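K.L.:
Here is how the chains run, residue by residue.
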Amino acid sequence: MRKVAIVGAGMTPFAEHFSLGIKDLLPMAFAECAASVDKGLDIADIQAAWFGELSTTDGFPSGILADTCGLLDIPVTRVENACATGNDAVRNAVMGIASGFYDVVLVMGADKVRESASKDTFWEWAGMTRDMAWDYPLGLVAPANFALHAARYLHESPATREHMAMVAVKNHHHAVSNPKAQLRFDITVEQVLNAPVVVEPFGLYDCTPQSDGAAALLLASEDVADKYTNRPVWIRGVGLGLDRVMHQHKRDMTTFPATIRAAKAAFGMAGLSPADVDVAEVHDCFTAVEMISYEDLGFCPRFEAYKLVEAGATSVGGSIPVNPSGGLKAKGHPPGATGVAQCVELFEQLRGSASNQVDGARIGLAHNIGGPTAVSAVTVLAGPGAYRS
Amino acid sequence: MTHVAAIATYLPCWGSARGRVAGDDEDAVTLAVEAGRAAIDVTGGSSPAGGEADTGGVQRVVLVSRELPLLEGGNAAVLLAGLGLAPEIEVSERLGGASAALDALTSARPRTLVIAADVQPSAGAAAALVADSGLHIAPCARLARSLPVRTRSADGKVHDYGDPRLLRERGVLASLASLAADKPLALAGVGTRQAAAVCAGQPPALPTTGASSALFALAALAESRSSGPLFAADQATVSGVRVGDGTALVRRLEPAARPSPASTFTPGKEIPVSLAAYDRAFPAKVRFEAGRQAGTGELDFPPRYRVRQDGALRTDYALVPLPRTGSVYTGVTVRVPVPGLPTPYSLVIVELDDVGVRVLARVTGAVPGTVNIGDRGRMVLRRVAVRSGVPDYGYAFCPEVHEEAEEAAV
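One line per chain: the protein sequences are A and B, in this order. First residue of the first sequence: 0, per numbering that gives the first Met the number 0; consecutive thereafter. First residue of the second sequence: 0, per numbering that gives the first Met the number 0; consecutive thereafter.
Please note: incorrect hints may appear among the correct ones.
[Unchecked claim] Simulated pairs of lysine-lysine, DSBU-like, Cα-Cα distance not exceeding 35 Å: (1) A/Lys118 / B/Lys182; (2) A/Lys2 / A/Lys226; (3) B/Lys156 / A/Lys263.
[Claimed, not checked] Counterexamples of contact, computed for chain A against chain B with all Cβ distances above 10 Å: (4) Val188; (5) Tyr305; (6) Pro383.
None of these hints come from the bench; they were simulated from the model. Quantities reported herein were computed from a predicted structural model and do not represent experimental measurements. Even glycine gets a Cβ: it sits at the ideal position worked out from N, Cα and C.
Work out the full structure: start from the sequences and follow the hints.
P.N.:
Dropping the structure here:
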């Protein structure tokens, strides 16, 4: 199995891009990715592409990528794996290179959530991940889907809404310096706690915004990586985990077994452990989800996420900084793009060029959890100096 | 001569002493199911823990209402499923008010469940199980007259002539006079004050003025062991029965009235429905039954195919009733406006008693946000949504704490 490197990474800002369609966002992200390649890119080098898009804005996703990015001569495969789409697109591309089939491939992710009226988003997006006869008519909207977990988590763990608020405050603060982030302003714990309630126990500031955006990664095999850069970021582990899809079938809702499965696969492939991680981009669509994920990813023992939050351990400057980009919470969350953009952030972190740099970061982890909390994807990355064979 | 073995009544918990208000998730069918199940239960049907009701040999169901949810598309299957009755049973849907309900009772053969349900102007339902023995009733008067002071056409449009005095003097009073009847013990279909002016002694206060009021009146006479005439009016049309000897079991599900919680309805696109998915789910969803895998006995809710470790497909499950009581494992309250659903609403995952099965359900009969982890309650049939014109029925969680008042009211 060949090693796979990231040699270029780029993304559009995450925002309400009312003036830009998916056909605009894709070439924008692709061009920024190409521009980031240290030694330049001839797009004719690209042999295949994987495209993560959860929705089908403006129609047939693979064709739109090929058409808008000038890649009509290569195979393009659309990946859809709920909110784990982005990191699963990475995983599929990695297999394409690791297997020896390709040397240079493109991974893209994009979505346009704000293409729908904001009030219609609940039903449209819930329709993609709910049982149509049983769950859908109950109004199990996306925040409720995760809140059912959070409510039980708060019941069983010492964590409180204040701890959740501290996660929101941290991620907002991280986003301030990130030019790609959607919500670049500081907030206070009081603001979070006093915000309008969306779905108890989530207030407005516990929730990700609705975002549009695209992100791109250029992957190369170890055989050709130095044609593009002397400072590649290595993809050392990828993992995908699944779980029961209906909430009533999940026996313990204080944890996401999909994450545990994905992390086990990714760490196993990387030969690394959670203690090796210097910086992580964790799926914080809702604040409590970040906390539960600390435990599922092995950053702390079960029900002790609140201790990491209280100690500031997951802030930049702490022992295990999480979401230096601002995370989904403040950077934004166009689902198909989210996981790819996490890797864009980690590409920069591990090369020491991030806007909110974690000093000396050598190992990074990206994590998505989605569907009705039934699918997770984890990617473990290593910086240019951190992968010696 | 008709014999009534049991009478059960149901009132929504919302409203005031002036009248009950159906919840957002209630309609004439769910109201009827509440009363009908109670009538079957009281005759020694199902255990309180739920499960398959012994349906007391019910062979026919008559539903009398002016608010049948569907005029086309069918209410009968939902009604039978909610009642736990076989889909082969004959259902008659009768459009009518109090006099029609009384007529339905006197014309019913034994083993008929007569249910009357009203949504407007005040909500309630009552059911009477006609049997071979029980409380005797016999028709004693009937007069159909047209004095359409209030009209409602097929499109639901209501016109009110606006002369209540005309309706009283030339309507029910004139009809009663022309029948030369004795003063009744109770008069259904009219307000309490008007009934008191007509009846001998103090008539029972009735919570509705529609079809169900006739059966509420019968329940009151059965409880007080009163014999004598019971009349029911529908504007100028009047029917009467003579209530005689014998006894009927009476069960009342009448929780204390509470003000309806504040609720917002946000219009939006119609909630889409897949009728194929609706149809597949229907038996398990509306009868509240799980699939029990042959061999392992494992319960799946919803029922489904399984694949064995050796890859063999297992489709041989049988539908079995689930317990209808349980406790909250987790729950949340949606406060953000969701188009097409009244908000706020609470969603809970209920751990059903003793079977290791959990159910995701909306909360009913409680102010949103007041249900906590560990709270106990029962699963009840409700209209969980209206999707593109299709009423979508399923089970909601009704917390127990709000039923204490109901026991006190019995």
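K.L.:
Indicate, hint by hint, whether the structure satisfies it.
P.N.:
The hints, checked one at a time:
A C-alpha spacing of about 59 Å is found between A/Lys118 and B/Lys182, which places the hinted pair above 35 Å, so the restraint is violated. Restraint check: the Cα-Cα separation between A/Lys2 and A/Lys226 comes to about 15 Å, which is no more than 35 Å; the hinted pair holds. Taken as a hint, the B/Lys156 and A/Lys263 pair is broken in the structure, with Cα atoms around 64 Å apart against an allowance of 35 Å. Remark: the non-interface label on A/Val188 is consistent with the geometry, its nearest Cβ contact in chain B lying 20 Å away (cut-off 10 Å).
Listed as a non-interface residue, A/Tyr305 keeps its Cβ farther than 10 Å from every Cβ of chain B; the least gap is roughly 19 Å. Look at A/Pro383: its CB is around 45 Å from the nearest CB on chain B, clear of 10 Å, so calling it non-interface holds up.
Of the numbered hints stated above, those contradicted by the structure are hints 1, 3, listed in ascending order.
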